[in-house]
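Number of protein chains: 2
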Amino acid sequence: MKIKLMALAFTCCVVGAAQSDSKKIKEDFKPSTKNQPGKEYPQVNSQGYARFRIEAPAADSVRVSLGLGGRGGTKLEKGEDGFWMGTTEGPMDEGFHYYHVDVDGGTFNDPGAKNYYGSVRWESGIEIPAHDQEFYALKDVPHGKVEQILFPSPSTNTSRRAFVYTPPGYHKDQSKRYPVLYLQHGWGEDETAWSNQGHANLIMDNLIAEGKTKPFLIVMTYGMTNEIKFGGLRNFDIKPFQTVLVDELIPYVDQNFRTVADENHRAMGGLSMGGMETRTITMNKPGVFSHYALLSGGVYSPDDIKKEDVKLVFLSCGSKESPERIKESVAALKSAGYNAVGYISEGTAHEFQTWRRSLYELAPLLF
Amino acid sequence: MKIKLMALAFTCCVVGAAQSDSKKIKEDFKPSTKNQPGKEYPQVNSQGYARFRIEAPAADSVRVSLGLGGRGGTKLEKGEDGFWMGTTEGPMDEGFHYYHVDVDGGTFNDPGAKNYYGSVRWESGIEIPAHDQEFYALKDVPHGKVEQILFPSPSTNTSRRAFVYTPPGYHKDQSKRYPVLYLQHGWGEDETAWSNQGHANLIMDNLIAEGKTKPFLIVMTYGMTNEIKFGGLRNFDIKPFQTVLVDELIPYVDQNFRTVADENHRAMGGLSMGGMETRTITMNKPGVFSHYALLSGGVYSPDDIKKEDVKLVFLSCGSKESPERIKESVAALKSAGYNAVGYISEGTAHEFQTWRRSLYELAPLLF
Numbered sequence: 001m002k003i004k005l006m007a008l009a010f011t012c013c014v015v016g017a018a019q020s021d022s023k024k025i026k027e028d029f030k031p032s033t034k035n036q037p038g039k040e041y042p043q044v045n046s047q048g049y050a051r052f053r054i055e056a057p058a059a060d061s062v063r064v065s066l067g068l069g070g071r072g073g074t075k076l077e078k079g080e081d082g083f084w085m086g087t088t089e090g091p092m093d094e095g096f097h098y099y100h101v102d103v104d105g106g107t108f109n110d111p112g113a114k115n116y117y118g119s120v121r122w123e124s125g126i127e128i129p130a131h132d133q134e135f136y137a138l139k140d141v142p143h144g145k146v147e148q149i150l151f152p153s154p155s156t157n158t159s160r161r162a163f164v165y166t167p168p169g170y171h172k173d174q175s176k177r178y179p180v181l182y183l184q185h186g187w188g189e190d191e192t193a194w195s196n197q198g199h200a201n202l203i204m205d206n207l208i209a210e211g212k213t214k215p216f217l218i219v220m221t222y223g224m225t226n227e228i229k230f231g232g233l234r235n236f237d238i239k240p241f242q243t244v245l246v247d248e249l250i251p252y253v254d255q256n257f258r259t260v261a262d263e264n265h266r267a268m269g270g271l272s273m274g275g276m277e278t279r280t281i282t283m284n285k286p287g288v289f290s291h292y293a294l295l296s297g298g299v300y301s302p303d304d305i306k307k308e309d310v311k312l313v314f315l316s317c318g319s320k321e322s323p324e325r326i327k328e329s330v331a332a333l334k335s336a337g338y339n340a341v342g343y344i345s346e347g348t349a350h351e352f353q354t355w356r357r358s359l360y361e362l363a364p365l366l367f
Numbered sequence: 001m002k003i004k005l006m007a008l009a010f011t012c013c014v015v016g017a018a019q020s021d022s023k024k025i026k027e028d029f030k031p032s033t034k035n036q037p038g039k040e041y042p043q044v045n046s047q048g049y050a051r052f053r054i055e056a057p058a059a060d061s062v063r064v065s066l067g068l069g070g071r072g073g074t075k076l077e078k079g080e081d082g083f084w085m086g087t088t089e090g091p092m093d094e095g096f097h098y099y100h101v102d103v104d105g106g107t108f109n110d111p112g113a114k115n116y117y118g119s120v121r122w123e124s125g126i127e128i129p130a131h132d133q134e135f136y137a138l139k140d141v142p143h144g145k146v147e148q149i150l151f152p153s154p155s156t157n158t159s160r161r162a163f164v165y166t167p168p169g170y171h172k173d174q175s176k177r178y179p180v181l182y183l184q185h186g187w188g189e190d191e192t193a194w195s196n197q198g199h200a201n202l203i204m205d206n207l208i209a210e211g212k213t214k215p216f217l218i219v220m221t222y223g224m225t226n227e228i229k230f231g232g233l234r235n236f237d238i239k240p241f242q243t244v245l246v247d248e249l250i251p252y253v254d255q256n257f258r259t260v261a262d263e264n265h266r267a268m269g270g271l272s273m274g275g276m277e278t279r280t281i282t283m284n285k286p287g288v289f290s291h292y293a294l295l296s297g298g299v300y301s302p303d304d305i306k307k308e309d310v311k312l313v314f315l316s317c318g319s320k321e322s323p324e325r326i327k328e329s330v331a332a333l334k335s336a337g338y339n340a341v342g343y344i345s346e347g348t349a350h351e352f353q354t355w356r357r358s359l360y361e362l363a364p365l366l367f
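Chains A and B supply the protein sequences, listed in that same order. Residue numbering for the first sequence follows the UniProt record's numbering, beginning at 1 and increasing consecutively. Residue numbering for the second sequence follows the UniProt record's numbering, beginning at 1 and increasing consecutively.
None of these hints come from the bench; they were simulated from the model. For each residue, glycine too, the CB sits at the ideal point set by N, CA and C. Just to be clear, a hint being listed does not mean it is correct.
Here are the computed distance ranges between Cβ atoms for each label pair [unchecked claim]:
no., chain 1, residue 1, chain 2, residue 2, range
1, A, 140, B, 176, 30 to 36 angstroms
2, B, 158, A, 129, 52 to 58 angstroms
3, B, 38, A, 79, 33 to 39 angstroms
4, B, 261, A, 211, 27 to 33 angstroms
5, A, 138, B, 261, 25 to 31 angstroms
6, B, 331, A, 129, 46 to 52 angstroms
Make a model of the complete structure from these sequences and hints.
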């Protein structure tokens with residue numbers, strides 16, 4: 001009996017030690033690169049843990065929405081200095097995450113972090129350093145511009161905003177014309193997402209500097225024309241946005257930028273809801289775009305589209321989404337004779353790291 | 001005695017009625033134009049009162065920093081629905097205001113409002129409709145662009161960001177060259193301020209559409225190179241920023257935009273700290289700029305500058321600042337033979353409405 005108890009105690013110790021080892025958090029936390037200037041928190045460590053510190057001395061409860069899935073985020077504990085602190089229970093996926101702070105039942109942002117439009121609100125953002133972060137880093141290479149334009153939209157009776165990435169050199173050689181990728185954000189985001197969260201401009205600058213992609217323009221505009229409501233996606237009507245994009249924005253861009261204004265030099269892509277929009281608009285309007293890209297945004301079946309219209313179908317998602325669905329669709333499209341390419345982002349979910357990597361993979365295949 | 005008491009009571013009633021009349025708040029509140037999409041609060045009414053509504057059901061205290069001067073902002077009252085509401089004690093000045101929310105001793109932003117970089121943090125913003133708001137409204141006129149550039153800065157060992165306003169038509173007539181205004185933000189703000197808070201691009205679009213100003217470029221960059229700290233302005237060293245501006249940004253702009261690259265076609269202006277920077281740099285570096293503009297940013301004495309270097313000195317401030325100082329300086333400069341123009345913004349203080357109006361007055365005088 002004594003031996004049995006001893007054995008049990010030993011087993012417990014071993015298990016305990018193993019757990020404590022695997023949970024050991026390295027104290028190499030640094031401010032997130034998405035912090036407001038001069039702000040020390042939130043921080044991230046080399047393992048991907050995130051640590052928060054928020055001042056609210058008289059609050060009863062402070063939680064951060066970021067944390068391991070399904071556990072309601074991270075509960076902060078109040079220190080004697082009036083600051084609430086806490087660390088995620090485990091490492092977070094690499095890349096960019098939206099989050100917010102619950103203070104006594106109200107939804108606020110972390111005063112230390114910069115804000116990014118997502119979930120139909122300006123949210124806090126945090127960056128978990130990724131092993132491949134070099135491809136979207138700000139480097140000492142020639143930089144293109146991100147140009148804010150206000151284009152007339154008779155159908156919505158206003159001037160609408162878009163951002164246009166123009167590659168380095170665009171403003172030097174005035175005889176050169178460029179193909180264009182129309183690139184859409186996801187639900188609850190807006191036309192700022194692909195630059196601010198996605199670093200689309202830096203991805204292109206770096207690819208171009210390495211000679212890995214042809215230079216092209218990227219046009220990013222707001223993909224919703226309906227009133228914005230949670231749950232509104234179910235009744236989403238593509239027509240108003242399709243009109244803005246195809247009948248208003250494309251002619252404006254072709255008139256005001258040096259584009260090659262034909263189907264063969266025009267691509268459309270989008271993430272999540274933007275993929276859904278891409279899929280619907282490319283099916284509704286064959287002959288406008290020749291390269292289609294759905295990033296975590298659904299798939300095509302061979303019957304959806306016609307081979308004479310499409311030079312490339314690019315389908316991608318994170319390995320934590322539904323990679324099998326992408327692979328099956330790409331296989332079916334290939335069997336039917338399409339130039340289809342699938343890409344699975346390893347270790348990422350329905351988040352911007354998946355889409356940054358997707359753009360990095362997509363760009364060299366275009367035009 | 002009875003009569004005396006009656007008279008007193010009457011007097012009290014009259015005073016009471018007058019007070020209650022003058023304090024009568026019109027219930028024509030509408031969402032602020034600076035709200036996040038779809039958000040109903042904060043609201044403003046036609047008298048300039050601001051009303052806030054913030055959810056924080058378990059909080060003990062919610063205050064908004066905006067309110068009448070010196071009274072610590074506006075204290076919100078908790079309703080049974082868990083939302084805290086409150087209205088400013090009086091009307092606010094016309095135009096844009098920064099504010100934030102104190103929730104149980106912590107500083108947060110209003111989840112209903114968009115964020116603007118000011119006070120060395122991303123703050124909430126609210127817009128009190130101004131009687132003259134048409135001059136910075138988004139209208140159905142040709143729109144210029146706001147182009148984000150990343151320019152190499154060897155002195156700070158990074159790529160720095162600037163925004164360049166290019167007027168409508170800039171990208172059409174490739175033979176035309178343009179003068180440039182370098183326009184600086186205030187302390188605690190950054191290179192986004194003049195577009196986001198100031199609507200500099202819309203002010204120019206509207207002026208150009210009405211034929212009231214020559215088209216020119218506006219370059220807006222970050223005016224601080226030091227570590228950002230409250231109180232850091234006292235030890236502010238202009239040299240690092242002067243190097244970035246004069247030795248790095250100006251040559252980059254002259255190489256990458258179609259500018260008239262000489263002193264006569266180059267202006268510098270700035271608001272508040274940006275005015276201080278303008279004053280110092282124009283004095284340190286005669287021969288670089290020919291038009292100087294200090295918006296709530298100090299004054300020149302005739303001995304500070306030389307008549308052969310300067311075609312225009314523009315000095316402005318709000319009527320609630322120190323207008324006498326501006327008027328005296330302009331008078332002294334004029335007596336000394338300078339082309340000096342003063343402008344006082346009626347009914348505004350050290351805030352963006354003063355600077356929007358100042359730009360509107362300044363632009364037609366330039367070049």
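Taking the hints in turn, this is what the structure says about them:
1. Roughly 32 angstroms separates the CB atoms of residue 140 (chain A) and residue 176 (chain B), a value that falls within the hinted 30 to 36 angstroms.
2. A hinted range of 52 to 58 angstroms is violated for the C-beta pair residue 158 (chain B) and residue 129 (chain A), which are about 18 angstroms apart.
3. Roughly 37 angstroms separates the CB atoms of residue 38 (chain B) and residue 79 (chain A), a value that falls within the hinted 33 to 39 angstroms.
4. Checking the proposed 27 to 33 angstroms range against residue 261 (chain B) and residue 211 (chain A) shows it holds: the Cβ atoms sit about 32 angstroms from each other.
5. In this structure, residue 138 (chain A) and residue 261 (chain B) meet the distance hint of 25 to 31 angstroms, their C-beta atoms being roughly 27 angstroms apart.
6. Judged by the Cβ atoms, the range 46 to 52 angstroms given for residue 331 (chain B) and residue 129 (chain A) is violated: they are separated by roughly 59 angstroms.
Hints 2 and 6 from the earlier list are contradicted by this structure; the remaining hints agree with it.
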